[in-house]
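Residues per chain are reported as follows:
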Amino acid sequence: MSWNWIFKMAWRDSRSNRRKLFLYMAAIIVGVAAQVAITSFRVNLNESIGNQAKELLGADLEVDRSAPFQPELQAYLDSLSNDQARMLSFSSMAYFPKTEIARLSQIMALEDDFPYYGIIETEPSNAADQYIKLNGALVDQSIMQQFDLTIGDSVKVGLITYEIIGGIIDIPGQSMANTFLGPRVIIPYQNVEETGLLERGSRLEYTTFVKYQPGTDSELVVEELDAMRDSLSFGFDDVAERQDEVGEAIIYLSNFLNLIGFIALLLGGIGVASSIFVYVRQKISTVAVLRCMGASSNQALMIYLIQATAMGFVGSLIGAIAGTVIQLYLPVLVQDFIPVDIELFISWSSVGIGLITGVAISVLFALIPLLAVRKISPLFTLRSVQVNLLGLLKLSTKTLLTVIVVLGVTGYAWIMLLDLVAAVFFTLGLTICLLLLAGFAVLIMKAARRFIPSGLNYEWRQGLANLYRPNNQTTTLLLTFGLGVTLISSLYLTQDLLIGTIDFEGEEDLPNLAFFDIQYDQNDGVNEIIAENGVELIQNVPIVTMRLQSLKGRDVQEILNDTNRVARRWALNREYRSTYRDSLVETETLDQGEFISEFNTFGEAVPISMEKELMGDLSLEIGDTLVWDVQGIPIESYITSVRVVNWQTPQPNFFVVFPAGILEQAPQFFATTVNTTSKDITLKLQRDIVLAYPNVSAIDVGQIVGTLRDFLDRVTFVIQFIGLFSIITGLIVLAGSAATSRFQRIRESVLLRTLGAMQKQVVRIQIIEYAFLGIIAAFIGLLLSLGSTALIGYFYFDIEFVPNFTILGIEVVILIALVLFIGLMNTRGIHSKPPLEILRQEA
Amino acid sequence: MTKILEVKELTRVFKSGTRELTVVNNINFGIEEGTTCAIVGPSGSGKTTLLGLCAGLDRPTSGVVNLTGTTINSLSEDERATVRNKHVGFVFQTFQLVPTLTALENVMVPLELRGEATSGVRKRAIELLTEVGLGDRVHHYPTQLSGGEQQRVAIARAFINQPKILFADEPTGNLDTETGEHIEELIFNLNKSERTTLVLVTHDIELANKCDRIIRLKNGKVESDELVSINETEVAG
Numbered sequence: 001m002s003w004n005w006i007f008k009m010a011w012r013d014s015r016s017n018r019r020k021l022f023l024y025m026a027a028i029i030v031g032v033a034a035q036v037a038i039t040s041f042r043v044n045l046n047e048s049i050g051n052q053a054k055e056l057l058g059a060d061l062e063v064d065r066s067a068p069f070q071p072e073l074q075a076y077l078d079s080l081s082n083d084q085a086r087m088l089s090f091s092s093m094a095y096f097p098k099t100e101i102a103r104l105s106q107i108m109a110l111e112d113d114f115p116y117y118g119i120i121e122t123e124p125s126n127a128a129d130q131y132i133k134l135n136g137a138l139v140d141q142s143i144m145q146q147f148d149l150t151i152g153d154s155v156k157v158g159l160i161t162y163e164i165i166g167g168i169i170d171i172p173g174q175s176m177a178n179t180f181l182g183p184r185v186i187i188p189y190q191n192v193e194e195t196g197l198l199e200r201g202s203r204l205e206y207t208t209f210v211k212y213q214p215g216t217d218s219e220l221v222v223e224e225l226d227a228m229r230d231s232l233s234f235g236f237d238d239v240a241e242r243q244d245e246v247g248e249a250i251i252y253l254s255n256f257l258n259l260i261g262f263i264a265l266l267l268g269g270i271g272v273a274s275s276i277f278v279y280v281r282q283k284i285s286t287v288a289v290l291r292c293m294g295a296s297s298n299q300a301l302m303i304y305l306i307q308a309t310a311m312g313f314v315g316s317l318i319g320a321i322a323g324t325v326i327q328l329y330l331p332v333l334v335q336d337f338i339p340v341d342i343e344l345f346i347s348w349s350s351v352g353i354g355l356i357t358g359v360a361i362s363v364l365f366a367l368i369p370l371l372a373v374r375k376i377s378p379l380f381t382l383r384s385v386q387v388n389l390l391g392l393l394k395l396s397t398k399t400l401l402t403v404i405v406v407l408g409v410t411g412y413a414w415i416m417l418l419d420l421v422a423a424v425f426f427t428l429g430l431t432i433c434l435l436l437l438a439g440f441a442v443l444i445m446k447a448a449r450r451f452i453p454s455g456l457n458y459e460w461r462q463g464l465a466n467l468y469r470p471n472n473q474t475t476t477l478l479l480t481f482g483l484g485v486t487l488i489s490s491l492y493l494t495q496d497l498l499i500g501t502i503d504f505e506g507e508e509d510l511p512n513l514a515f516f517d518i519q520y521d522q523n524d525g526v527n528e529i530i531a532e533n534g535v536e537l538i539q540n541v542p543i544v545t546m547r548l549q550s551l552k553g554r555d556v557q558e559i560l561n562d563t564n565r566v567a568r569r570w571a572l573n574r575e576y577r578s579t580y581r582d583s584l585v586e587t588e589t590l591d592q593g594e595f596i597s598e599f600n601t602f603g604e605a606v607p608i609s610m611e612k613e614l615m616g617d618l619s620l621e622i623g624d625t626l627v628w629d630v631q632g633i634p635i636e637s638y639i640t641s642v643r644v645v646n647w648q649t650p651q652p653n654f655f656v657v658f659p660a661g662i663l664e665q666a667p668q669f670f671a672t673t674v675n676t677t678s679k680d681i682t683l684k685l686q687r688d689i690v691l692a693y694p695n696v697s698a699i700d701v702g703q704i705v706g707t708l709r710d711f712l713d714r715v716t717f718v719i720q721f722i723g724l725f726s727i728i729t730g731l732i733v734l735a736g737s738a739a740t741s742r743f744q745r746i747r748e749s750v751l752l753r754t755l756g757a758m759q760k761q762v763v764r765i766q767i768i769e770y771a772f773l774g775i776i777a778a779f780i781g782l783l784l785s786l787g788s789t790a791l792i793g794y795f796y797f798d799i800e801f802v803p804n805f806t807i808l809g810i811e812v813v814i815l816i817a818l819v820l821f822i823g824l825m826n827t828r829g830i831h832s833k834p835p836l837e838i839l840r841q842e843a
Numbered sequence: 001m002t003k004i005l006e007v008k009e010l011t012r013v014f015k016s017g018t019r020e021l022t023v024v025n026n027i028n029f030g031i032e033e034g035t036t037c038a039i040v041g042p043s044g045s046g047k048t049t050l051l052g053l054c055a056g057l058d059r060p061t062s063g064v065v066n067l068t069g070t071t072i073n074s075l076s077e078d079e080r081a082t083v084r085n086k087h088v089g090f091v092f093q094t095f096q097l098v099p100t101l102t103a104l105e106n107v108m109v110p111l112e113l114r115g116e117a118t119s120g121v122r123k124r125a126i127e128l129l130t131e132v133g134l135g136d137r138v139h140h141y142p143t144q145l146s147g148g149e150q151q152r153v154a155i156a157r158a159f160i161n162q163p164k165i166l167f168a169d170e171p172t173g174n175l176d177t178e179t180g181e182h183i184e185e186l187i188f189n190l191n192k193s194e195r196t197t198l199v200l201v202t203h204d205i206e207l208a209n210k211c212d213r214i215i216r217l218k219n220g221k222v223e224s225d226e227l228v229s230i231n232e233t234e235v236a237g
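In order, the protein sequences belong to chains B and S. The letter at position 447 of the first sequence is residue 447 when you use our numbering, and the numbering goes up by one with no holes. The letter at position 211 of the second sequence is residue 211 when you use our numbering, and the numbering goes up by one with no holes.
No lab work stands behind these hints, which were simulated from the structure alone. Hints may contain errors.
Said to hold, decoys possible - Derived DSSO-like pairs (lysine-lysine); straight-line CA-CA distance at most 27 Å:
hint: 1; chain 1: B; residue 1: K8; chain 2: S; residue 2: K123
hint: 2; chain 1: B; residue 1: K394; chain 2: S; residue 2: K15
hint: 3; chain 1: B; residue 1: K8; chain 2: S; residue 2: K86
hint: 4; chain 1: B; residue 1: K156; chain 2: B; residue 2: K684
hint: 5; chain 1: B; residue 1: K394; chain 2: B; residue 2: K446
hint: 6; chain 1: S; residue 1: K3; chain 2: S; residue 2: K164
hint: 7; chain 1: B; residue 1: K375; chain 2: S; residue 2: K210
hint: 8; chain 1: B; residue 1: K375; chain 2: S; residue 2: K15
hint: 9; chain 1: S; residue 1: K15; chain 2: B; residue 2: K398
hint: 10; chain 1: S; residue 1: K210; chain 2: S; residue 2: K8
Claimed, not checked - Residues of chain B clear of chain S, computed beta-carbon distances all greater than 12 Å:
hint: 11; residue: Q84
hint: 12; residue: G294
hint: 13; residue: E532
The C-beta atom is built at its ideal place from N, Cα and C for all residues, glycine as well.
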């Protein structure tokens with residue numbers, strides 16, 4: 001084989017097509033850019049985590065417990081090192097007198113020594129060194145800006161008013177995501193008890209940070225703590241474990257993003273295949289002439305394979321460079337979620353993988369049309385024939401290529417997801433999606449061929465006939481654009497689905513403000529303040545804390561130690577906050593048994609009602625007995641009913657409901673929900689209650705929805721940013737396929753003009769064709785996204801999906817406009833130049 | 001004289017669904033080296049199909065084609081391509097130049113395919129292009145040339161590999177009379193100077209009469225086979 005000639009011919013033959021080839025390349029460029037950006041970012045991140053491992057924890061060891069440490073645990077820690085710093089953290093209202101606003105916050109009472117590694121970054125920078133000395137507080141910088149607070153203003157936590165010494169920018173091991181649940185307020189550990197909050201119902205988290213003595217065997221410490229963990233019930237993290245946790249989370253995140261980016265690359269592949277198809281079709285007579293002149297089938301194939309490979313390589317190279325640049329922007333998107341400062345450098349391995357993947361995808365997808373080149377007969381020089389390229393290939397060849405593509409995609413997804421089953425599902429989902437889109441394309445072409453009414457005017461008939469004519473773009477456009485739309489729209493709809501479940505604002509009858517941790521002696525006072533503010537009280541629910549002591553006669557500890565147990569650890573271990581009442585509430589429905597409303601016989605087993613999911617987690621049935629430890633007093637019970645609870649409402653809901661008459665005398669506190677009519681009243685009521693009862697916490701539903709919306713916005717923005725690559729690839733592929741069929745369209749337009757068609761008639765034909773393609777692609781893409789979101793809602797979130805037609809409407813308009821724009825751009829220049837000039841230029 | 005092309009009991013049947021159409025039906029003839037032969041006949045008589053079979057562009061349904069001493073119907077597609085590259089030249093009605101190559105590059109293709117050194121090939125291509133009167137248009141693309149000029153490039157390409165046999169399919173069919181005559185002149189002159197055998201398909205009787213021999217086809221069969229110069233008729237077979 002004369003390689004010299006083949007390369008020369010590949011180069012010469014590409015000369016007049018390079019502009020068109022660039023469009024094919026663009027699809028690969030975007031796909032590879034997404035890949036390289038994400039993989040480089042992951043490498044950067046892993047490296048950063050490795051470099052900043054100790055700062056992730058701020059110490060060598062962190063031990064936490066929901067109660068004070070037992071002497072033996074403390075003694076063990078003392079044996080490790082004297083370098084210990086304690087932290088007490090809990091949720092409570094922080095009141096800012098300057099703005100008269102109270103906000104549920106995360107209070108952290110810290111000892112001076114923390115952190116041992118890294119620093120608490122503050123504004124001003126010395127604030128972390130001073131707040132303990134000055135008995136002041138540090139408050140999240142973001143909340144200070146939001147409330148227009150300055151250094152020297154004050155914050156009231158419980159009974160103590162602290163001066164704000166500085167704004168918190170960063171705490172070792174925490175990301176901005178830690179502030180989504182409420183602003184962080186750091187106060188000195190030494191006088192935390194004086195806040196009066198420790199005894200009043202708050203859930204406290206006791207943490208000790210330890211810095212090891214030199215020579216400590218950290219693996220041995222982990223082993224010893226592991227051995228003590230079950231009996232003393234505490235949690236711990238050391239640097240290695242924290243590094244693993246963070247690294248693992250990042251691998252999942254980046255693999256997920258990578259997969260979305262991979263879809264862009266696959267779309268690029270489909271774009272390459274369709275472009276090469278059209279390209280090869282245009283080259284049939286050239287190949288036939290070369291075959292006549294004596295070129296072998298392999299020589300003919302190699303000419304175009306070299307072009308496709310070169311195109312893939314150049315595209316991948318540009319993509320890799322672009323991806324490396326984009327990588328610099330990615331940290332801006334995700335820094336809030338990541339507890340390390342991301343160090344940026346070029347990851348050559350990512351660039352290499354991007355190049356290989358890009359070239360492989362280009363060649364793999366180009367092979368199907370390219371192999372048809374081998375079958376082009378020299379006889380085509382004597383007779384012009386319409387060749388069906390796919391028809392030239394044997395079924396076995398097509399099957400083999402399809403299998404290679406499917407295996408390649410699954411293999412890549414496997415590497416990305418580290419889970420073969422998930423990878424198979426990914427490929428399966430993608431295949432089903434593509435098959436549906438291809439099926440729709442065939443259906444539309446058949447329908448257009450059969451059902452175009454002969455009574456339509458000429459422009460309409462021509463425009464619609466373009467949907468099925470040779471060189472039509474129906475299949476390519478539906479596959480690429482449709483898949484991109486499906487992906488992006490699914491993201492939007494899923495986000496909307498999640499927001500919809502918690503957005504109760506504006507819904508009458510539902511509470512929008514909840515107070516909890518109201519002590520028994522405070523309940524009447526709180527209710528009075530609510531009434532004084534003219535606010536409607538919806539629920540005032542007593543809560544009794546308890547733990548499971550035994551199940552069906554077996555001690556909980558014994559069950560926990562049983563390696564064959566079915567019951568789940570969390571359900572056995574947790575502190576239950578139960579209530580008592582004589583009826584079901586509107587958020588509950590009876591699933592099985594009978595709800596007992598009242599029970600007054602002390603000393604006998606109490607008939608209780610359990611939540612359905614919990615029944616499963618504890619492996620229980622109606623009639624089973626449970627013994628509860630109600631703050632030291634054992635209470636025997638048996639299950640008489642099972643309830644289905646709608647947890648997605650802002651009312652307090654319960655796993656376990658006791659009948660009225662038995663728990664009234666037990667130590668208890670209250671949760672109260674109200675419905676305020678304005679934001680001002682919400683703020684005033686919170687302030688009044690916090691000033692009177694500092695330990696009472698308030699959850700402002702509107703505030704939570706806002707925070708969650710903000711959080712989801714950030715998360716979905718990251719996903720959409722990567723998903724955007726798919727849409728861009730879809731558009732490029734669309735533009736590419738439009739450009740390849742440009743000559744065909746131009747010939748028709750020129751012919752029509754030669755035959756006397758007005759310019760506006762020609763334009764109208766194009767508008768009808770592209771508007772139709774746009775509408776169909778948008779609708780089918782959206783239809784599939786509705787299906788996929790409904791499935792995500794059903795299987796993943798267990799939420800019934802109600803589509804948001806405003807979002808869908810906006811998407812439809814944007815998508816049609818985009819397709820129309822690209823289609824019309826494709827006909828530019830046709831109308832102003834003489835027909836012959838255009839034909840010569842385009843040849 | 002040696003026969004450079006010999007066909008025996010040549011038949012080509014096309015299938016369309018269940019229907020069979022015999023386009024070339026049991027044809028026999030031989031062509032001597034260095035002669036010129038025209039295949040004539042009305043549209044649909046099987047001229048072009050016969051040319052394709054003789055030049056090894058297509059496989060017969062049955063029968064034998066012996067070209068330059070090789071039985072080509074038993075060769076693979078690629079083996080036939082090698083035979084064409086070594087011994088055969090083509091001129092088509094629609095010129096069939098590669099649109100992405102310049103006139104010079106188009107002419108160079110057959111020799112470059114053999115792997116011959118570019119400088120020599122280039123020199124010979126320029127000579128041939130000059131010979132056909134296009135010495136100043138060597139770097140033009142096909143779309144920048146007129147029909148007659150394109151056909152002249154095609155002729156130069158056909159002769160660059162010094163073929164033993166040249167197949168021409170309606171070489172003047174797409175050209176006006178004056179240009180057509182010029183092209184005919186070129187083909188015959190080059191044919192003579194290069195001592196190539198010429199087989200041309202045409203329905204232009206005037207052109208056919210310039211050949212040594214005329215084979216007339218009708219409905220896929222040889223209707224007559226006559227030598228023009230000595231006015232002698234031979235029945236095929």
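Exercise. Quick check: which numbered hints come out false for this structure?
Worked result: Hints 7, 12 contradicted; others consistent.
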